[in-house]
Every structure is written in structure tokens, then in C-alpha cells.
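K.L.:
Given these sequences and hints, build the entire structure.
Residue numbers (this note's numbering), protein chains in the order written: chain A, 1 to 307; chain B, 1001 to 1349.
Just so you know, the hints here were simulated from the structure itself, not pulled from any lab data. We put the beta carbon where it would ideally sit given N, CA and C, even for glycine. Each hint should be verified, as a subset may be incorrect.
Stated by the list, open to error - Partial pick of chain B residues on the chain A-facing surface, computed with a CB cut under 8 Å: (1) T1008; (2) A1010; (3) Y1017; (4) G1042; (5) L1043; (6) V1053; (7) S1078; (8) N1139; (9) D1141; (10) T1209; (11) V1214; (12) N1222; (13) S1343.
Unchecked claim - Straight-line alpha carbon distances no greater than 16 Å define the calculated EDC-like cross-link-like pairs of lysine to aspartate or glutamate that follow: (14) K1037/B with D1025/B; (15) K1031/B with E1221/B; (16) K1031/B with E1311/B; (17) K1037/B with E1311/B; (18) K1346/B with D272/A; (19) K1287/B with E1221/B; (20) K1297/B with D1067/B; (21) K208/A with E1221/B; (22) K1346/B with E274/A; (23) K1297/B with D1060/B; (24) K243/A with D1040/B; (25) K1156/B with D1172/B.
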Amino acid sequence: MISGTRSGTDVSDALDQRDALLKKIAEYVPVSTFTRGDNDMVITTGDGTTLFETIPRTVSFTPSSGYTAGAAGSRIYIDNVPLASGAANSSADGKLAGMLQLRDGVAGTMQSQLDEIARGLITAFAETAPSLPAATGLFTWSGAPAVPATGTLVNGLAGSISVNAAMDPAAGGNPTLLRDGRANGAAYVANTSGGSSYSSLLIAYGDKLDQPMSFDAAAGISASSSVTAYSANAIGWFEGVRKQASTAADAKEALATRTAEALSNDTGVNVDQEMSLLLDLEHTYQASARMMKTVDDMMAALFAAVG
Amino acid sequence: MKTSSVSTAALSNALRYAQARMQSDLVKASKEAATGKVADVGLALGSRTAQSVTFSRDLDRLNVIIDSNGLVAARLSSTQTSLGQLSSFAQNLLSSLTAATSGDSTAGLTQSAGQAALQQLTSILNTSVNGEYLFAGTNTDVKPINDFTASGSPAKAAFDAAFVARFGFTQDDPAAASITAQQMDDFITNDVEPQFLGSGWQANWSNATDQQIVSRIALNENTPTSISANQEGIQKFAMAAAMVTSLLSGNLSEAARSTVISRSVSLVGETLGGIGQLQSQTGIIQKRVADASDRMKTQVDLFEKHIVDLESVDPTEAATRVADLTDHINTSLALTARLQQLSLLKYLT
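P.N.:
Below you can see the structure in the form of C-alpha cells.
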């Protein structure tokens, strides 16, 4: 394009192509441009990282084939500068920043909240016996029979929590173990008389779900609440974020509409206007044609008189 | 050269964005008008969704407890009826025994009254409701009381063995006539009583547990909701009936018999008192359960009202919005059509 401009050939087609490409890039990252002499354009991102200056700069990202719980996602580098993700108030500009925010912020927090809820469930249904460590009951995990440490987030617990096979009739277990508290051997039995209507342990499990326990502050909600309250809070937190995002989306959509309209008004043409200009030209053409015809007639008359 | 700044593209796109927005609003508004609830609870309430979730959960829990209270109430009222029947059987036995003391009836008659009472006692205590034995404590899948009159009954065997061990012969032995009132009284106190009021009850008679069924009758209220057969009133009734059945049949002397009968009379008297007490205990629990259910029903109403407050929309407003939006969309479509027709090209032919 630069050489074309210098040699004076028509580069408007290339200019159009460049504009279209810029539009596409701007969907991913915010861009700002300035044009130097000979139509030489420098493209930078909104925060000043160079995307193109004489030569294109590298945008690099090492994809992870899958994310285990709690793993940090790798970053996107533009010209070796890491791309910032969007902040909490959905201020992300461009698709990449928004995606990064979703991956590193919301999804990670939600996952740790689910993990904490799973840990709460395992703890609430743990079997206890005096002088023995608590052992997993109805719900179990990879570290069974030990119960996960209090107040500490275990990454990926929500994915690995399962119903204790010893109590699951579908897995050949015996559900009455839940009533009696026998999943971890005779030392944990609460129903010593073996009565089939023994309900105290079941009621105690129900109570434990309502008793406050400590949660990891890293999950972003309350540090001490009952499992039931915690799960309700997790839903509340998520819907809160969603509402914010939705409000931000509305605002941005309005902005985009206005901008598109202004841009169209500024760069587009009005067919009616152009048409009237065209009519003017037509009229001029007609007038000149008429003039030529008149001259032609006069000449013809002259020649006829002479001839 | 340009006199206005409206491009043809802007003109024809002018209503497109508004149109799309209004259509998505229309979907929401018609949902709201149809259901009376906000279309998307999470989006409408934001972080207050937690409240809505908590209310719904508590509502479900309360409803479940109210349902289970229905079962508890059924069990308690069956228990109450059974206790009433027990009391009237004890009354019958008492009148037979009283008749026997005044010497009007033969020993055989009294003995059969005792046997009838024993069978009635066994059948009442083995009543089951909804697959659960009422008087079994927590051991509700096992019959709480073994039948004393059945052949091979361990309770009967233990009783007879105690008799033989004490006197060296059975009740039917002619030598039984030599037992004095004093000896009989001593036998009853030291040998028979432990079989009923002591460890023998659990060994030979009862499979019930002392532990009662505990039920959750309100969000934070637990109470025992069953009566176990291992109650003193019931044990004394069984003891009186068993003594009358086993001791009046043999060759006992008149004095020994009257000792048996007088001891039985006092036992049945105590039984009546004991059962009365059990009845009032049951009544108190019935009242508690009924009160808890009433209280929870009030709570359910309140919670439902809260949920409606949180999630509902004014149906009139929703309907008006649907009508408004439909109007707007119609106008917008008509305008778009008109704008599209507005072109100088049409007039240049």
C-alpha cells in the first residue's frame, strides 16, 4: 500500500480491505490507529501494545488441552505483553478480555464455591464416634475415609464427590447403614439396639446441614455459615454477577447502536442526495448536448447554404 | 456538498435495533403475563435470588415435616386407642378378680378371664400401623410381645421352671395343695416379679426397645412419638394376667389362690393407673404435634406470601406491556415499510 501510494497508483481498494480487517480485529481486542505519511498505519491495542508497526507483531497463546479444577489458565501475549482481562464491573473491551474474565474470574470462583458446598456435604454427613476421627458417611471423596480439612478449599472436590458405595443400593450397598451409622465399621454405630425406626442419627444429619461451619474465604462468599445457607448464597452471588453483566451488556449494546448509526451517517451516502446530484449532471449533459445539437444544426444549415 | 448527514443505510437501519429489542421484550412480557411471575427470576432479583431460594427450600422442608406429622399423628391416635382398649381389658380382668375374691366364681372361670386378658394384651401390643409395630420402641419390624399362651413360649417355660425350682413340683402336682399363703406370697415377690419388672421381661417377653421413636415435628423440635411395651403399667398387667393364668389352674390351696388373686388385684389396680399416665403422655405429644403442624402451616402461608412478593409481577401491568409492545412493533413495522418506499429512484423513470 505504501509503495502503491508512493508510485501514485490507486490504492483505494486496499484501503477498504484494511478498514474491514481493522473492524474484525477490533472485535477481539480494542485497537487504536494512527496514519503516518504514505498511508502507513500503526495499529496498537487500547492499552498501547503494538499490534502492527511496519511488520506485524506476534500474538501468542499456549492452549491447555483441558483444565483441571483450580488450574490457572495460560495468558495471551501480544508482542510479549500479557493481555489484561476484564474487571469485576464487566468493563472488558473486546472478546478476548471478556473471555479471560469469564475463565479466570467467574468460572474459577463458581468452581471453588461448588467445591466448598461439596466439602460441606461430606462434613455434614460424616460419621463421628468419641475418640475416633470423623469418617466419611453418605458422601465420600478420593481422600476417604478421612474428612476434608476444615475451612480449606479442596480443588475439584465437587467433581469427585460421590455417594458412598457401602450405602448405595444401586452399587450393591445397604442404605440402612445411613440410619445406623455403620459405614465405617462397628466403632461408629450410633444405633446400638438395631431398631428399624431409629431416627436420631438422621435427624442429627439434618441439623448439621443447618449448623454453621467454616468455609474457605477464597471462594468469595461467607466464611462461616451453614451448608444450606452457603449454597443459597452461592446462587445469590452468581445471579448478582449475572445481573451486573446483563446491565453492562445493555449499556454496551446501546453504545454500539449509537456508534454504528453515527458512523453510518458520517461515512455512508444518501442515495436520494446522490441521485439529485446525478440529475444535475444529467441536466448539464442534456444542456451541453442540446448546445452541440444547435451548433450542429447551424453548421448543417451553413453547409447546406454553401453546398 | 452534502446538505444532510443522514445516510440511506442509517435510514433503513433506524428501526431495526429497536425492533429486535422490542421483540425480545415482548417474549418476556408475554411470559410474565401468562405466569404472573417474573420471566427470569435470577436476572430480576440479582443477589436477592438467594432469599427466594432459601424461602422455597424452607417451604419444601416445612411441607415435608407437615406430611410426616400426619403419619406421626396417625400413629399416636392408634396408640391412644390401643391404650384405651388395654385399660378396658384391665378393667374386665379386675372385675373378674373381684368376683373371684368374693367367692362367687370358680377358679377355672377366673383363670380363663386371665387367659383372655393375656391374649388381648398380646394382640393389642402387637398392633401394627403402616407396617410398624406401635409398641416396639424403635425396633418396629419385630413383634414386640411374645405370646405367653403359645406352645413352647419361653416366658411360660421360665415361669413354670421358677415354680418348680422354688417348690420342687409343678402347679398340677397334688403336692401343690400344701403351699401356704405365705410361701406363695414369697414366690410371687422373689421369683415372679423379676420375670416381669426385672431382666426377665426383656429376655422372655418383649422384643421392644426402651428407646422410643424420635420424630422431627417442627424445624427445630424433636420429640419421642411412640410408647414402648416396656412400661411398668404394661408389665404389671402382663404379670397379673400371667399369674392368674398359670397359678389358678393347678391344685393350689384356697389360701394360696386367694393370695394370687389379691396380689393380682393390686397389680391390675396399678396397671390402670400406669396406663392412664401413658394415655395422658400420649395426649400431650398429640397436642404438641398438632400445635407444631398448625404453627408450620402459618409459616408456610407466610413463606408463600414472601415468595409471591419477591417473584410476582402485576398481571395488569404485564398485560398492558404486552399490548403496548405489540402496538409499538406494529407501528415500527409499518414505518419501516413506508421508509423503504421513500426513494427518489421510484420517481425517475
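K.L.:
If a hint holds in the structure, say so; if it doesn't, say that too.
P.N.:
A quick look at each hint next to the structure:
{"no.": "1", "hint": "T1008", "result": "holds (4 Å)"}
{"no.": "2", "hint": "A1010", "result": "holds (4 Å)"}
{"no.": "3", "hint": "Y1017", "result": "holds (5 Å)"}
{"no.": "4", "hint": "G1042", "result": "holds (4 Å)"}
{"no.": "5", "hint": "L1043", "result": "holds (6 Å)"}
{"no.": "6", "hint": "V1053", "result": "holds (5 Å)"}
{"no.": "7", "hint": "S1078", "result": "violated (14 Å)"}
{"no.": "8", "hint": "N1139", "result": "holds (4 Å)"}
{"no.": "9", "hint": "D1141", "result": "holds (4 Å)"}
{"no.": "10", "hint": "T1209", "result": "holds (5 Å)"}
{"no.": "11", "hint": "V1214", "result": "holds (5 Å)"}
{"no.": "12", "hint": "N1222", "result": "holds (6 Å)"}
{"no.": "13", "hint": "S1343", "result": "holds (7 Å)"}
{"no.": "14", "hint": "K1037/B with D1025/B", "result": "holds (15 Å)"}
{"no.": "15", "hint": "K1031/B with E1221/B", "result": "violated (41 Å)"}
{"no.": "16", "hint": "K1031/B with E1311/B", "result": "holds (13 Å)"}
{"no.": "17", "hint": "K1037/B with E1311/B", "result": "holds (6 Å)"}
{"no.": "18", "hint": "K1346/B with D272/A", "result": "holds (10 Å)"}
{"no.": "19", "hint": "K1287/B with E1221/B", "result": "holds (14 Å)"}
{"no.": "20", "hint": "K1297/B with D1067/B", "result": "holds (11 Å)"}
{"no.": "21", "hint": "K208/A with E1221/B", "result": "holds (14 Å)"}
{"no.": "22", "hint": "K1346/B with E274/A", "result": "holds (14 Å)"}
{"no.": "23", "hint": "K1297/B with D1060/B", "result": "holds (12 Å)"}
{"no.": "24", "hint": "K243/A with D1040/B", "result": "holds (11 Å)"}
{"no.": "25", "hint": "K1156/B with D1172/B", "result": "holds (15 Å)"}
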